[in-house]
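Taken in order, these protein sequences are the chains called A and B. Numbering-wise (our numbering), the first sequence opens with residue 1 and increments by one. Numbering-wise (our numbering), the second sequence opens with residue 1 and increments by one.
Heads up, some of the hints might be wrong.
[Claimed, not checked] Cut-off 30 Å, straight-line C-alpha distance, at most; resulting in silico cross-link-like pairs (DSSO-like, lysine-lysine): (1) A:114 with B:57; (2) A:77 with B:57; (3) B:149 with A:82; (4) A:77 with B:61; (5) B:93 with A:83; (6) B:57 with B:93; (7) A:207 with A:154.
[Stated by the list, open to error] Computed list of chain A residues with no C-beta within reach of chain B, every gap over 12 Å: (8) 88; (9) 91; (10) 124; (11) 149.
Please keep in mind that the hints were generated in silico from the structure rather than gathered at the bench. Don't be surprised by glycine CBs; every beta carbon is placed ideally from N, CA and C.
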Amino acid sequence: MLLCLAVSACAEESTAWFNPQVPPPYPPEHEPAGDEYFEDAVFLGDSIMENIEMLDLFPTANFVTLIGMSPISMDKKLFVLKKEDRWVTAYDMINQYPHRKIYILLGSNALDHKTYKSTLDDYRVMMERMIQEYPDTVFYVLCPTSPNRARIKKDRLDVQRYWKFREGLLALAEEKKLYFLDAFTLLADEEGYLKEELAAPDGFHLKLEGSKLIEELVRTHTVDVE
Amino acid sequence: MVKRFQLIWLGLLLTCLLCGCAAEKKAEETAPKSCAEWADMIAASAGFQELADANAKYLEKHLMVEADSLEDWCLRMDNTRATPEMICVLKVKAGANQAEAKKALEDYRKEQIAVYRDYQPDQVVKLENARVLENGAYLVLSVSHDADKTIAALGSGWK
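From just these sequences and the hints, can you work out the full model?
This is the structure:
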């Protein structure tokens, strides 16, 4: 019983590997990193990340993406390994690639129907598992973007949910030693709505310009992992 | 008299043959030559979302088609991924497994139906109406809001 509690406590207190010269959560801004930096990076995410993959913005990186994915569906939605003729979870899929760095863009598909607290709880569970499974990996968490004003109104959401999630994710990044990349405020207007000029017709996904802004954010905020 | 009729019929037959050859040559000249040109033609037939070209890595990973098995190909996806709209035109190499490539496209369509059923059910109809079409070495999968128009745009010979 005591052993279980100790193991559980250790798991809860686990933090990710980070560069001691650059303490998380904020990576420094610098000139854009070249493609070589992303050769051992995995980009994990939903349709917004899949779009970044499709647009080939990080040609040397590997992507683990599924449309509709959220933190809670990491071990529910499955990926096919065609050559081995079997289905695996996102956690297993990451192991198929070099993963010294993992970029995560998840949460949008939960925030549209769950509370920010519930989404954060799922995010924490996911991070704790990832830190355990990939102990030598640097994690970059990209704060998910919000929908535009019309979509938030249509779906009867509250933009405050996105602000609060951002606050909670930043706190989690500090606690777990994750590097925080604020795609939310980068792409939102002052009130927190996705800028109209960046929004796809559905008000949720990103036009090319929005994806390119995320690319720039990622390339200009990296840490040395050697 | 009979000979004259025979000569007239022969003349008519030759004229028809010559016209047929000319029409065929004209069709050949105006027919798309590359997969990208086929894709352009399909794109012009229905109001697609803005599409972007995907690369071979994406084709192989998401559609599970080996690029090495293709003589030519073109894959264009909704450049926001907000919808499943896409155009995929493949020209399979002689001797490569065309049935496998065709099955891969059909599997992709079915998989996307399952994905969108949970995610954006209003988009499922586009995938349900889409069909994988074949014409010689060419395969086409286009997903749009008007499948009939895109199929009609391809012309005859596709099944």
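Hint check, failures only:
1 and 3
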